[in-house]
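*Asks:* This is what each chain is made of:
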Amino acid sequence: EAEVAQSPRYKITEKSQAVAFWCDPISGHATLYWYRQILGQGPELLVQFQDESVVDDSQLPKDRFSAERLKGVDSTLKIQPAELGDSAMYLCASSLALAQVETQYFGPGTRLLVL
Amino acid sequence: KQEVTQIPAALSVPEGENLVLNCSFTDSAIYNLQWFRQDPGKGLTSLLLIQSSQREQTSGRLNASLDKSSGRSTLYIAASQPGDSATYLCAVDNAGNMLTFGGGTRLMVKP
Numbered sequence: 001e002a003e004v005a006q007s008p009r010y011k012i013t014e015k016s017q018a019v020a021f022w023c024d025p026i027s028g029h030a031t032l033y034w035y036r037q038i039l040g041q042g043p044e045l046l047v048q049f050q051d052e053s054v055v056d057d058s059q060l061p062k063d064r065f066s067a068e069r070l071k072g073v074d075s076t077l078k079i080q081p082a083e084l085g086d087s088a089m090y091l092c093a094s095s096l097a098l099a100q101v102e103t104q105y106f107g108p109g110t111r112l113l114v115l
Numbered sequence: 001k002q003e004v005t006q007i008p009a010a011l012s013v014p015e016g017e018n019l020v021l022n023c024s025f026t027d028s029a030i031y032n033l034q035w036f037r038q039d040p041g042k043g044l045t046s047l048l049l050i051q052s053s054q055r056e057q058t059s060g061r062l063n064a065s066l067d068k069s070s071g072r073s074t075l076y077i078a079a080s081q082p083g084d085s086a087t088y089l090c091a092v093d094n095a096g097n098m099l100t101f102g103g104g105t106r107l108m109v110k111p
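Chains as they are written, first to last, in the numbering used here: chain A, 1 to 115; chain D, 1 to 111.
FYI, nobody ran anything at the bench for these hints, they're computed from the structure.
Where hints are given, some of them may not hold.
From the structure, some residues in chain A lie toward chain D, with a derived Cβ separation under 8 Å [said to hold, decoys possible]:
1. 30
2. 31
3. 46
4. 48
5. 102
6. 108
7. 109
8. 112
Result set (SDA-like, lysine to any residue): computed pairs, CA atoms no more than 20 Å apart in a straight line [as the list claims (entries may be wrong)]:
9. D:42 - A:46
10. D:42 - A:54
11. D:42 - A:17
12. D:42 - A:40
13. A:78 - A:65
14. D:42 - A:65
15. D:1 - A:1
Derived Cβ-Cβ restraints for the label pairs, each shown as a range [to be verified]:
16. D:82 - A:14: 35 to 43 Å
17. A:55 - D:29: 35 to 43 Å
18. D:53 - A:14: 46 to 54 Å
19. A:63 - D:82: 43 to 51 Å
20. A:87 - D:72: 29 to 37 Å
Note that CB positions come from ideal geometry on N, CA and C, so glycine has one too.
For reference, chain A alone in the conformation it holds in the complex (with noise of 0.2 Å):
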């Protein structure tokens, strides 16, 4: 069964340091999603990708972390520099399209942990 991949599942970093966080959705899936999860608590939508397009990005702190698309397939979210508050796990979810009834689907997640 196809599944979303991300990499690294682990990684601890000191604070001021870039950190970067792969994710490969499932084959064929257009739209892709990175989520923000603090520990006990929900996920949080931090952006939406149709393809290699934005679809909505307001509540991606925009000073410290971006996030690319650019052939519309695999995508990066990078944080530089790093705080101590960005300690979370982040998810990367993928959906056949942008239609309402689209199921995501969830990859493990990479935890990060900041010094």
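Keeping the supplied structure of chain A fixed, place chain D upon it in accordance with the hints.
*Replies:* Chain D in isolation, oriented as in the chain A frame:
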């Protein structure tokens, strides 16, 4: 802004019990509501999706209901098993498949 609340935050029950998890949302103009399961340190797995025109959905021992006008949904788990232990999250879609999640209910089913 849509807000989603889940009660209780944590629940511990003995194996075999039937249980109900609650989800409430502030903006009733939703397209659909989904229930997800999350195992510790893992991603989310979709359990049930209820479209705004539907009242309930069933999958095996799971039944989810939706009362859009009152802003409420419940997830009913019949004959709970230790393998059901996980965090259950509800999420509402107001537009364009952008989900707003609740904080989750951590369920522990004891053998």
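*Asks:* Starting from the hint list further up, note which numbers the structure goes against and sort them upward.
*Replies:* 1, 3, 8, 10, 11, 14, 15 and 17
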